[in-house]
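Residue numbers (the working numbering), protein chains in the order written: chain F, 700 to 1051; chain V, 3 to 117.
Keep in mind that the hints were calculated from the coordinates and are not lab data. Keep in mind that this is a model prediction, so the values were computed, not measured. Some hints could be false.
Here are the simulated EDC-like pairs of lysine to aspartate or glutamate, each with C-alpha atoms no more than 20 Å apart in a straight line [said to hold, decoys possible]:
hint, chain 1, residue 1, chain 2, residue 2
1, V, 115, V, 42
2, V, 81, V, 91
3, F, 952, F, 937
4, F, 1021, V, 44
5, F, 1021, V, 67
6, F, 1021, V, 26
7, F, 924, F, 937
8, F, 924, F, 911
9, F, 836, F, 769
Taking beta-carbon pairs under 10 Å as the criterion, some of the chain V residues facing chain F (in silico) [as the list claims (entries may be wrong)]:
hint, residue
10, 38
11, 40
12, 44
13, 46
14, 50
15, 53
16, 57
17, 70
18, 84
19, 85
20, 87
21, 89
22, 92
Have a look at the derived ranges for each label pair, beta carbon to beta carbon [stated by the list, open to error]:
hint, chain 1, residue 1, chain 2, residue 2, range
23, V, 72, F, 808, 47 to 53 Å
24, V, 88, F, 965, 16 to 22 Å
25, V, 43, F, 784, 32 to 38 Å
26, V, 70, F, 753, 38 to 44 Å
27, F, 774, V, 95, 58 to 64 Å
28, F, 882, V, 40, 24 to 30 Å
29, V, 52, F, 752, 43 to 49 Å
30, V, 54, F, 747, 26 to 32 Å
31, V, 22, F, 1039, 58 to 64 Å
32, V, 60, F, 914, 43 to 49 Å
33, F, 1050, V, 95, 32 to 38 Å
34, F, 718, V, 71, 51 to 57 Å
35, F, 784, V, 22, 33 to 39 Å
36, V, 71, F, 806, 27 to 33 Å
Ideal placement from N, C-alpha and C gives every residue a C-beta, glycine not left out.
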Amino acid sequence: MINNERESMTMTVGEKPLWTYPYSIYGMRMRYVTGSPALVAPISELLKHFRRGTIEESAELTVCFRDVQDRTEIPLRLSSSARRLSAGTGRAVGDRRETGLPYEMIQDERRWIADFRDVGVLVMDGSHGRADGYLIKPETLHPNLIEYLFHLASTELFRYRGLYTIHAAALEKHGRGILISGNSGRGKTTSSLSLLRSGYRYLSDDQPLIQDAGTHVDVLPFPTKINVTQATIELFPELANVPDHVPHPGSRKWSFHAEDLYPTSIGERCRPAMVLFPHVVDAHHSHLELLSKRRALELLLPQALLVFDPEVAGREFQVLAKLARQVDCYRLHFGRDIFDLPNLLTPLLEQG
Amino acid sequence: MSDSLERTLFMTDSKDAVDCTMLDRIILRPSDDAQSANMEGETVLLALSTGRYYTLNRVGSVIWEHCTGQNTVRDIHAKLCEDFEVAPEQALDDLIVLVNQLVQEGLLQQEVKKV
């Protein structure tokens, strides 16, 4: 498949005006460059908490997204050493969550190339701090898909600088963090909303960052819109007023900003004290089951670690192990008493 | 002591297997491809080239921790017999099985000590 595509991805994109948007991600200066109006708003929305006033030439990280009309316009040349690492249909398999996007992952020397077929191609060069995306007719793509592709590209760059993303909801109370990790449909967002409405502060719905802080691991906010299903909306009366009541294509989810519905502010960088792995049970009362550190790391790995660059993956693995050692990890058997969850968790968080 | 290494289902390729006539001379060390984390006495291993990860139970973890590039298979066997109530023959059998699995998965390297 790689060979067949090489010939069709060698043309160059015509010259178009480019816009540059500066951001600062926890001390890392990043610029986003694009020539397409359709590729501006989704990224501006995703990174609204990280905007920076001035454009600096010395940005450490650059993400450049361009629009193309079809695959022949993607100016990608693969070397003879390029090799396919993996491919998928986008369906959930084993520990991997569903994305709905068929893909092929290619390594070409120090570059990692994610080929999403009719959607576009990402080329990530973490060691040089640069990612390029070529999106096919982006005006036809849903903004959430554009956000997803940008997030994939940028977090790969972050990993080379010691900031790792983890698939979890994250909240904070009195400087102590809770991560709620696991695949979709296990009660992650419902448990997160139960805590938010009781006064916990919001860090992220699905993708907080973690960083080795020396003596411990910190969790850092990456506050994006919260995605909810119709079933979740029906559980929480306040969600009837979700302002952005537009479903994602295919996923039947709605989204809103936490700060638009809940009085709590965005939380701050903090030390995680607890990691929960929820699953919904047919019982009235929820209860917690303490997990061994080994089991906790086993459950965390598929929610965080993608092994592209072995050296980077080795460092990330050790940070995840450190996180698992520092926190109390529980399996949350999540019953129907969803509004009582803070009563179950807060005493443990405060005594931990 | 059996089932020290979880998540692996394979037959050991005999060309990689530990030569049981040279247990006093075979030294074991982690391969560059392996990352390990001790989690309260149990060990999680990650093979960087494949992204596969494995779990060692407490006995397996003791074996892994002695695979430092200094100890022979015989040294590690002696340590197991000291630390655990186990028949020496059983300890050796289980040790060889686990070492062969770890070598087969590319997590452990063996080399012959020069005399």
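task = Please name the hints from earlier in the document that this structure breaks, with their numbers sorted from lowest to highest.
result = Numbers 1, 6, 8, 17, 18, 19, 20, 21, 22, 23, 24, 26, 30, 32, 33 - these are the hints that the structure violates, sorted from lowest upward.
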